[in-house]
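Listed below, chain by chain, are the residues.
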Amino acid sequence: MGNVALEEGVDAVIPAATFHRVQESDEFQELRKRHRSFVFPVAIAFLLWYFAYVLLAGYAHDFMSIKVFGSVNVGLLLGLAQIVSTFAITTWYVSYAGRRLDPIAAAIRHEIEGPLAAATKTSAKKESK
Amino acid sequence: MNIHLAAAAAATSPGNPVLNISIFGAFVAITLIIVLRASRNNKTAADYYAAGRSFTGGQNGTAIAGDYLSAASFLGIVGAIAITGYDGFMYSIGFLVAWLVALLLVAELLRNTGKYTMADVLSFRLKQRPVRIAAAITTLVVCFFYLLAQMAGAGGLVSLLLGINDKVGQSVVITIVGALMIVYVLIGGMKGTTWVQIIKAVLLIAGAAVMTVWTLALHGFNLSSLLDHAVETAGNPEILNPGLKYGLSNITQLDFISLALALVLGTAALPHVLMRFYTVPTAKEARRSVVWAIWLIGGFYIFTLVLGYGAAALIGADRILASPGGVNSAAPLLAFELGGPVLLGLISAVAFATILAVVAGLTITAAASFAHDIYASVFKKGQARPEDEVKVARRTVVIIGIVAIIGGIGANGQNVAFLVALAFAVAASANLPTILYSLFWKKFSTQGAVWSMYGGLASAIFLIALSPVVSGSPTSMIPGANFAVFPLSNPGLISIPLAFVLGWLGTVLDKVPRDTAKQVEMEVRSLTGVGAEKEAVNH
Numbered sequence: 001m002g003n004v005a006l007e008e009g010v011d012a013v014i015p016a017a018t019f020h021r022v023q024e025s026d027e028f029q030e031l032r033k034r035h036r037s038f039v040f041p042v043a044i045a046f047l048l049w050y051f052a053y054v055l056l057a058g059y060a061h062d063f064m065s066i067k068v069f070g071s072v073n074v075g076l077l078l079g080l081a082q083i084v085s086t087f088a089i090t091t092w093y094v095s096y097a098g099r100r101l102d103p104i105a106a107a108i109r110h111e112i113e114g115p116l117a118a119a120t121k122t123s124a125k126k127e128s129k
Numbered sequence: 001m002n003i004h005l006a007a008a009a010a011a012t013s014p015g016n017p018v019l020n021i022s023i024f025g026a027f028v029a030i031t032l033i034i035v036l037r038a039s040r041n042n043k044t045a046a047d048y049y050a051a052g053r054s055f056t057g058g059q060n061g062t063a064i065a066g067d068y069l070s071a072a073s074f075l076g077i078v079g080a081i082a083i084t085g086y087d088g089f090m091y092s093i094g095f096l097v098a099w100l101v102a103l104l105l106v107a108e109l110l111r112n113t114g115k116y117t118m119a120d121v122l123s124f125r126l127k128q129r130p131v132r133i134a135a136a137i138t139t140l141v142v143c144f145f146y147l148l149a150q151m152a153g154a155g156g157l158v159s160l161l162l163g164i165n166d167k168v169g170q171s172v173v174i175t176i177v178g179a180l181m182i183v184y185v186l187i188g189g190m191k192g193t194t195w196v197q198i199i200k201a202v203l204l205i206a207g208a209a210v211m212t213v214w215t216l217a218l219h220g221f222n223l224s225s226l227l228d229h230a231v232e233t234a235g236n237p238e239i240l241n242p243g244l245k246y247g248l249s250n251i252t253q254l255d256f257i258s259l260a261l262a263l264v265l266g267t268a269a270l271p272h273v274l275m276r277f278y279t280v281p282t283a284k285e286a287r288r289s290v291v292w293a294i295w296l297i298g299g300f301y302i303f304t305l306v307l308g309y310g311a312a313a314l315i316g317a318d319r320i321l322a323s324p325g326g327v328n329s330a331a332p333l334l335a336f337e338l339g340g341p342v343l344l345g346l347i348s349a350v351a352f353a354t355i356l357a358v359v360a361g362l363t364i365t366a367a368a369s370f371a372h373d374i375y376a377s378v379f380k381k382g383q384a385r386p387e388d389e390v391k392v393a394r395r396t397v398v399i400i401g402i403v404a405i406i407g408g409i410g411a412n413g414q415n416v417a418f419l420v421a422l423a424f425a426v427a428a429s430a431n432l433p434t435i436l437y438s439l440f441w442k443k444f445s446t447q448g449a450v451w452s453m454y455g456g457l458a459s460a461i462f463l464i465a466l467s468p469v470v471s472g473s474p475t476s477m478i479p480g481a482n483f484a485v486f487p488l489s490n491p492g493l494i495s496i497p498l499a500f501v502l503g504w505l506g507t508v509l510d511k512v513p514r515d516t517a518k519q520v521e522m523e524v525r526s527l528t529g530v531g532a533e534k535e536a537v538n539h
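Residue numbers (this note's numbering), protein chains in the order written: chain A, 1 to 129; chain B, 1 to 539.
Everything labelled a hint here was simulated from the structure, so no lab data went into it.
It cannot be assumed that every hint is accurate.
Calculated cross-link-like contacts (lysine to any residue; reagent style SDA-like; alpha-carbon spacing at most 20 Å) [unchecked claim]: (1) B/Lys442 x A/Gln23; (2) B/Lys518 x A/Ala81; (3) A/Lys67 x B/Ser22; (4) A/Lys67 x B/Asp228; (5) B/Lys443 x B/Pro513; (6) B/Lys511 x B/Pro130; (7) A/Lys33 x A/Trp49; (8) B/Lys442 x A/Lys67; (9) B/Lys245 x A/Leu56; (10) B/Lys518 x A/Ala17.
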């Protein structure tokens, strides 16, 4: 059984062979490598950092209660650091994706969709009815 | 939420239900006009479910923040920090860090491979029927628990706004809330719902910002002196340190870890959050949405830290707990302390608008899942006409609205945090393993998906039913009974790993050959956005 969601409109005209060819291409393998070599290590790193923080807050009460300046303690600073690191990773990923992922993804997209532009127009008309 | 909030209002904000009704009425009037205007060209299924994929990343990100910052979490987190100090702050951090899972691993890939619902993605390369049915069931269950919490919260909050204290009056209020929500979603579809969420997010964040600056100004813009003031009022320096709530025993410490796990893994698996990624034209806009959402939500949670300690300092845990509204009244009481009845009215109306918007978002997600996944794909085997599908979706909205009203009346006065935490834990257990496996694991199979989804769903609900939240303690839902054989109040620590293991086990034991063509297609589509980007041009 095929996929209901995507078998309408332009999508139906892309043959399976095309996907195979693209998937085996160096370009796509490079895109896949770049994507995974960023998101996996970063995801593991921030989850470790988050759970390190959770374990400290759960079990290292004395350490978290050390006052750093005024009444602001280690726990509060580490909590705020979690928020700051979330912002930082977000910004880092956006910049990485914009530079290293989007150009290749766009090139592959155009390569697949380019020859189909004419066919697309007619099928798009059909779909809008 | 609490049935006694109204009395709190009567006690702390003498005689302003008229003001509150006017503020709330103005919100309803303005949003209804916007919904009507937005819905003029709701024709196709893509219009109804995905707002014609016409929103920008910034708009959608604001709407996501509107969807995510529910009143339960606004009132709940401020109250939790005011009473339990540092341990309450943990909610803010878990809820925010969770967005990195969505940003890095889920949002764009999901945007590229699906069309309207989570089940689109999960069933892409697996057997349609079983996977779609399972995904639709988990979607409906998660939405249902989230809905119950919001509706019950609406009862308490509107009672506070309007000074209605008896159960019958509150039931009428819940019915009106439900009816209003049905109207928004029926007329507006995803587009109208999105606009309601955008307006609400702006109001909520602005309101919290004003209160934050005000609170800080009263303490010379010095966080440390605010904290000192909180310690002084509380008479307990431990309010600044972790452990006030979760440091009591080994069990509460484990419970803390379990909650942290459910929070960080739940967000990227919440169906109503996932569905929002389809309202933008491209994966890049989906990414931009998440970035906007992260900044807005992160900023808001920093505000909650100040507001929580502000309430602890200016009002004090004793007065908050003594007020009939209990822990949930911290934010409204702080608003009254700062700006009198006008600010209380504004903040309460914003909190109420919050519930309305979240309820609308949940309803359209549940309706879309039923119409698209069950009706069109399973009953009609993919042969349903889009017009019929939208018709079914609209009818489902009415049915879900009625169910939510009845459930909300039944759940009125019950522990909202319990229902929301259940929704997060169920989402993380039932959905996340299958989402990640199907996006990243080539061998993943239909049997793995079905085992993981049903196993995660059943174990999460089963463990909660046997937990102290349901029975065995004075604060339980059924205080009289005791069948709490499972000691943790959050099931995540067991049910989430179990669902991951079941997905793996089901896959390695599955001898059915995989659909490699579909797997290859999904991989190419998810990373490049082939086809999915054209979608935007066509409409």
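Okay, the hints, checked on the actual structure:
1. The suggested pairing of B/Lys442 with A/Gln23 holds, with an alpha-carbon distance near 13 Å, which does not exceed 20 Å.
2. For the given pair, B/Lys518 sits about 42 Å from A/Ala81 by alpha-carbon distance, which is inconsistent with the 20 Å threshold.
3. A C-alpha spacing of about 47 Å is found between A/Lys67 and B/Ser22, which places the hinted pair above 20 Å, so the restraint is violated.
4. Straight-line distance between C-alpha atoms of A/Lys67 and B/Asp228 comes to about 12 Å, which keeps the hinted pair within the 20 Å bound.
5. Taking the CA atoms of B/Lys443 and B/Pro513, the gap is near 10 Å; set against the 20 Å cutoff, the hint holds.
6. Our distance criterion of 20 Å between C-alpha atoms is met by B/Lys511 and B/Pro130, whose separation comes to about 17 Å.
7. Straight-line distance between C-alpha atoms of A/Lys33 and A/Trp49 comes to about 24 Å, which puts the hinted pair past the 20 Å bound.
8. Distance hint between B/Lys442 and A/Lys67 is unfulfilled; the C-alpha atoms sit about 49 Å from each other, more than 20 Å.
9. Annotation: proposed proximity of B/Lys245 to A/Leu56 holds, straight-line Cα distance about 15 Å (limit 20 Å).
10. Pair hint B/Lys518 plus A/Ala17 holds up; C-alpha atoms about 11 Å apart against a cutoff of 20 Å.
Violated hints for the displayed structure, listed by number in ascending order: 2, 3, 7 and 8.
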